[in-house]
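Work the whole structure out from these sequences, hints included.
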Amino acid sequence: MIYEAGKYEVIVIGAGHAGCEAALAAARMGCKTLLVTMSVEYIALMPCNPSIGGPAKAQLVREIDALGGEMGVNIDKANIQMRMINTGKGPAVQALRAQADKHEYGREMIKTILAQKDLDVLMAEVEEIETADRKVAGIITRTGARYQCQTIVLTTGTFLKGRIIAGEVIYDGGPSNQFPAVRLSDSLRAIGIRLGRFKTGTPPRIDRKTVDFSRMEEQPGDDMPWRFSFISPLPNREQLSCWLTHSTAETHRIVMENISRAPMFTGVIKGRGPRYCPSFEDKVVRFSHKSAHQLFIEPEGRDTDEMYVQGLNTSLPEDVQIRVLHSIPGLEDVHMIRTGYAIEYDYVIPSQALLSLENKVVAGLFTAGQINGTSGYEEAAAQGLIAGINAALKVQMREPFILKRSEAYIGVMIDDLVTKHADEPYRMFTSRAEYRLLLRQDNADLRLTDKGRQIGLVDDFRWEIYKEKKARLEKGILCLQNTTFTPADAGVERYLADRASAPLRDRTSLWELLRRPELKIDNYVEQGWIELGDPEVMDQIQIQCKYEGYINKQRDQVRRFEKMENKQIPSDINYDQVYSLSNEAVQKLKEIRPQSIGHASRISGVTPADINILLISLEKRRN
Amino acid sequence: MSEEAIAALSTPPGESGIAIIRLSGNGVLEILNKMFLPAKDKKMSERPTFSLNLGWITEDDGTKIDQVLIGIMRAPYSYTGEDVVEINCHGGSQPVRRCLQRCLDLGLRMAEPGEFTKRAFLNGRLDLSQAEAVIDVIRAKTDRGLRLAMRQLEGKSENIDEIEEGLLQINALVEASLDFPDEVGELDIEEATTILEFINNKLDHLLKAGRRNEVYRDGVNVVICGKPNVGKSSLLNALLKKEKAIVTDIPGTTRDVVEDYINVRGIPVKLMDTAGIRFTEDFVERIGVEKSREVIEQADLLIFMLDVTNEISQEDMNIYNMVNRERVIVWVNKDDLEGKKIRADQLEELFQDVRVIRGSVINEIGMEELELAVEEKVLGGILPADGLDIMINLRQKEALERTREQLENALQTIGRVSLDCLAIDVWGALETLGEIRGKTLKEDVIDRIFSEFCIGK
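So the sequence lines, in the order shown, correspond to chains A and B. The first sequence begins at 1 in our numbering and counts up one residue at a time. The second sequence begins at 1 in our numbering and counts up one residue at a time.
FYI, nobody ran anything at the bench for these hints, they're computed from the structure. Glycine included, each C-beta is placed from N, C-alpha and C at the ideal position. Careful: at least some of the hints might be erroneous.
[Said to hold, decoys possible] Covered, in the sense of this in silico footprint (three residues per stretch, anywhere, with C-beta under 8 Å from a C-beta of chain B), are these stretches of chain A:
| no. | stretch |
| --- | --- |
| 1 | 85-98 |
| 2 | 548-562 |
[As the list claims (entries may be wrong)] With the C-beta cut set under 8 Å, the calculated list includes, among others, these residues of chain B facing chain A:
| no. | residue |
| --- | --- |
| 3 | D105 |
| 4 | E162 |
| 5 | E175 |
| 6 | L419 |
| 7 | D420 |
| 8 | I424 |
Here it is in structure tokens:
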């Protein structure tokens, strides 16, 4: 028995990290939004590692924040430790990483979601997506409620036909022992969407009370207070440490002895797992020459004794997992609370989506997060935000919001997703971004706040903070450029000599002087040449100055890149009629439907010759 | 219309009367000004469209490369619809190569196959009825261009493989350290430097091999010089083994440059005899002298002749001082005659570090030694330890040189700049190398990271 339950402009299915961002964005943009979740308690659940950020991922979080998303603000409220990673390797790859308090993270997000105007939360399992004329029309829940809608954002993570595997034990299930979504998968196939199957895994959790930390190396947080969001207050809470240990020869012996029971190797697991997050048994087999693998013991929160064993994700049988744990220094007597497992799940092959994340087959259907074949909370949240924004823009009949590869990691990720066929879950790396030195975590606000404001996601509070920071930045740079010294100035002479820096030869500005690697902006303050300002602004000035040469190099590259990006391909082009394109190119172009020539040039199988032909053909059309 | 300026040889390669190098794009007239010395003192950027202009293409320091006719066609009424310059130079491979090199040095990019036509079309210079034909042309050119490039690298592409391999390795090291700091840790600067140096040597090797084979393909100019009546024409004839130059005992009989082709140990050599250089009132002869100076400057190799029966005079040394020491062989002629006026120690003192060969043209003494010396000198310094049979065209050479430039930048800055900046040069080198092969290497790096490092906490 199906009943009419209501009408929404945007319905978001799934309340993980993608779903939360999508729902909040759509509601904040003024759309009447429904967020459907299988379990309200599990909103913004972190079913795997208890951390957010790190290389490439920190950039994503900062970008989400600059656009008016929630992840940055939420992790600032709910962390137990922050560390800046890669500090010695340059600003492009420097990355903040937070250890999250998993429970607090969820609670804070639930509070925000429930308090959001125009956003309703519904606990239900969606069984069917209804379409009409290849457009979404509504959803039907397991209990028979039909909700009509204009757009749907599908953010179901690993729930679609989820299958949990730990050794010989196999059962249907979602992460953290939730129910899988079985019918929805079939419904998607029925409306013409192609699905693939991936695998991922999680390590066992252990009881803090049974860990011997004296045999491990302590990894405390940074003394310096950090924040992800450009609008959060700086934290001053006590931080909890992580602990470093390693596997032993005995560990590896236990794994090899039981390898015949490992589903990874017996053929039970068919879905392809990510190389960057290999199961422990995979590491032991593939890197047999390594006598030890690092393992990090990480608290899952302030109010729990559960700890996460980073590096030990496994689908070995439970009894083997316990023996493996006991062979690790400091875990000899450990009590395992949760067993590690692998999970196989259906995902929507992402090349079926446009750069807006709207499905090409079913209009108004957006997909985001793990369902698009990605991995990671940050990747999911970033897509969720973009999908939510574009669902709202579609409702409002506005142009889709698309970030270029030269503008944001988010742009790089979505372009990769819809363009390249990945045979493993996609994770963000800094090496995927061509213009990494421009796309830094420190300047995400400068890159994206304006855009967020235009969309309507950046509220007045954030906008004022941004404008003030920008003004201070511009003033600071001008001040450095306009303050000059001559070689005769005694103060500067002594200052340079003290730092073994060459004496001035002619009139030099503080800005030019700052380019010298041995000089730091902090010294300027000590010298009384400039006033102490906002540390983030000072840092920003220093980066822009010191890296100006390389930054300009990248800007030149971006100019060349954008020329091709700006050559749009009309959506009604018929590739079969483009004379002399190779067959492979035609097939790929028809599948991906690139939105620009630059986009087309990134599709594997489309050669430079094909691109030339395409250019000519476009020109012919125009005439 | 803000298109990057490009250049390419627009006539078929090989020997011909003239060759046309076409330049198109933004700022080509300004670039032309930097390398063109007009016969009449007029700035090219002020010359009218469709004008032909006589003058010389010159090196940075003003040295003339070739006398040329320059055609100027301003946008939009040109083949490509952009500002176009056509350089009509002499058709030998040397003038073409050097003129083109000069263009590239001044910042022009080598045109891709079919690129002029592509631009012509995109700028609306070809009408619709021609468009279908153009697609065919471009298709053909591009495919052939690719095939050509691949064929040239065929069989020996393991050289590029090796360089690519090295670059992937260093790139993986850098990127792994950036993306997986917990698992991989810091970059080992010493290891990275070693790899960079290894790649740099390989590249150098490849460029030299390419240059060597260019010598075998395009040949070299060898110029015989010396004061009048020292026996230059006799040497030329001995090498040609036929009469070409007029040989008399009267100084200054050879009034112009006489040239012909010979094969020296497999190398095509364009051999030139110059009018004896000396200070003279004879107008006709003076023209010959000036021409000779030019020829000397353009030579890949000079054979400077002395007559052992005459003392070394100031006139000899004046001529010798005109030649580049690195490109000269001294031939001491008539060594079989009595009454030598030049002592061995004198030669040693005057021609330090220069190859000196004593012999006789008339009695064919020392001729083989001379030929060996020519081969060694022409290939010297560029002769790799093993013989690489590889042809590198100018586009590939340009890409290889840009690769090397970025590598050298990386080598100079490693350990002094942060890793994210080093990565820009390392990645740039890899991407530039990818142009040669026409493939993108981005995924390769990521594949490499996973195959070499145990990643995943």
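We went through each hint and held it up to the structure:
1. With 8 residues bearing a CB less than 8 Å from a CB of chain B, the stretch 85-98 of chain A meets the requirement of three and the coverage assertion stands.
2. Look at the stretch 548-562 of chain A against chain B: 3 of its residues bring a Cβ nearer than 8 Å to a Cβ of that chain, three or more, so the hint holds.
3. Among the interface hints, the one on D105/B is violated; its C-beta lies about 19 Å from the nearest C-beta in chain A, farther than the 8 Å criterion.
4. For E162/B, the shortest C-beta to C-beta distance to chain A is roughly 22 Å, which exceeds 8 Å, and the interface hint is violated.
5. With its C-beta approaching chain A no nearer than about 4 Å, E175/B sits inside the 8 Å limit, and its interface hint holds.
6. The beta carbon of L419/B comes within 4 Å of a beta carbon in chain A, closer than 8 Å, and the hint placing it at the interface holds.
7. For the restraint placing D420/B at the interface with chain A, the shortest Cβ-Cβ distance is roughly 3 Å, inside the 8 Å limit, so the hint holds.
8. The closest approach between the C-beta of I424/B and any C-beta of chain A is roughly 6 Å, which is under the 8 Å cut-off, so the hint is satisfied.
Violation of the numbered hints given earlier is confined to hints 3 and 4; the remaining hints are satisfied by the structure.
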